[in-house]
Amino acid sequence: MNHTTQHSFEPKIIAFVCTWCTYAGADLAGTSRMQYPANVRVLKFPCTGRIDPVFILKAFQQGADGVLVSGCHPGDCHYIAGNFHARRRFAAFRKLLEFIGVDLNRLQFSWVSAAEGGKWVEVVTDLTEKVRAMGPMVEFKELALEEQWSGVIDTPELKEAYNAI
Amino acid sequence: MSTRVPDTSIYFAVTEGIRAEANRLLSAGEVTAIVGYTTGRRTGSSQPIIVTDADDTARLCFSVTSVNNLAVYLTKAKKEIPKNGKIGIVVKGCDLKALVGLMGESQLKREELYLIGVPCVGVLASTVQPSTELTAETIAPKCRECDAHLPSGCDFLPDVALPPLPQLDGKYTAEIARLEALTPAERWVYWKEQFAKCIKCYACRQVCPFCFCEQCLCDRNKPQMVDTTPRPSGNTAWHIVRAMHLAGRCAGCAECERVCPMDIPLNLLNRKMAKELKELFDYEAGLEVNDKGPLTMFTEKDDQSFIK
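As given, the protein sequences belong to chains Y and H, one line each in that order. Mapping of the first sequence onto this note's numbering: residues 2 to 166, in sequence order. Mapping of the second sequence onto this note's numbering: residues 2 to 309, in sequence order.
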């Protein structure tokens, strides 16, 4: 067996979940002994309304290959309307990311209630397999590695100017 | 493309109208200050001025270089303006949209403002010299797509009729359509190149009437959500956050794009978001005073086809 197969790509999935529904749903999946990929890292929030789009950006920058945002079904929000606000916000944010050039297949939104352990397993498995097939998210990682001027310091104009000194 | 020239001859009459009204207001004590434009040092240029004395009203003017959105002086720098009384402000149609947005967000009160409207046929792009004549080539991109040549609901509007305006094709609309037709990877390459130019001078933030937060998210370091150094990673995050925070609020005065020293097409992001919010929630910023914007309200029937 060669090294490449030993170190095959394991996607990192960050899940931003609301504590009242999806976290409890994930908990149910666990206590019910359901199997789902260990690639998902769950971050618990009070409500999907608390999840700022900048968290998603930060996740991608820090090396996430996929992001899942999940909360209560519409009408079930513990804070009455948090998920309604989140729904609008993320509808707009998706369009922005798409325009910037992020592949939206890496970003999944879902409603998973406290009773839907099975749906949580399904959502996480689907996203993990989708991202696994897509390969690592390199765009934001490459940005983080780049210095501001490293790409253009070798332009002919600059070299000419430098040689003229 | 039409090369007919927008007729700017009305700006003389507009200037006279502004001066007369400003003189009347300050003499009668109806307002404590007028925020307007005056001639700049370079030939043909103009710059913002705050007039508090009726004798100074002759310094006010309006020309093709009266580009600035003066609404910004009523939010961040408002401490510079006498607060004890009404303030008069010279507004173009595009600036009025910003004021309307600020009133909706409780940053300004209509009764504390005296709006001196300007019938506007267009202003110069920031890329040309101020002494240039206004033509279809030198007009600011935002004016090509302007739908508010005549600001509505002002307290005073100079008695000047708008000349017939040439039909110009929209540069933002065309550019957005061009980018939308590309693949995500190609768009990423485009924006990566644009954002790499950013030097994080935050001029776009400082000039924006809607960036009035006392402490910007991007200046906080506990937690540090956006990298502050001018490197590609933080630049991209900053411009995404900026576009997101202006979504549903920006009415397109394009000041961000004008002040950007690196010529990043910032208004393109804002126009794209405006277009999306119009399609998603049928909302257009700046048309009327609303307490709630599209992202601070909701309906139970909102689209959720993207949610599993």
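Simulated from the structure, these hints should not be mistaken for laboratory data. None of the values given here were measured: they were computed from a predicted structure. Backbone N, C-alpha and C fix where the C-beta goes; we use that ideal spot for every residue, glycine too. It cannot be assumed that every hint is accurate.
[What the hints assert, rightly or not] Derived EDC-like pairs: lysine to aspartate or glutamate, alpha-carbon spacing no greater than 20 Å straight-line:
# : chain 1 : residue 1 : chain 2 : residue 2
1 : H       : K201      : Y       : E11
2 : H       : K193      : Y       : E161
3 : H       : K276      : H       : E146
4 : H       : K193      : Y       : D104
5 : H       : K201      : H       : E215
6 : H       : K110      : H       : D156
7 : H       : K198      : Y       : E147
8 : H       : K193      : Y       : E130
9 : H       : K193      : H       : E176
[Unchecked claim] Covered by chain H, per the in silico footprint, the following chain Y stretches (three or more residues, Cβ under 8 Å):
#  : region
10 : 25-31
11 : 35-48
12 : 58-72
13 : 78-91
14 : 141-147
Name the hints, by number, that the structure is in violation of.
Per hint list: 1, 2, 8, 10, 11 violated.
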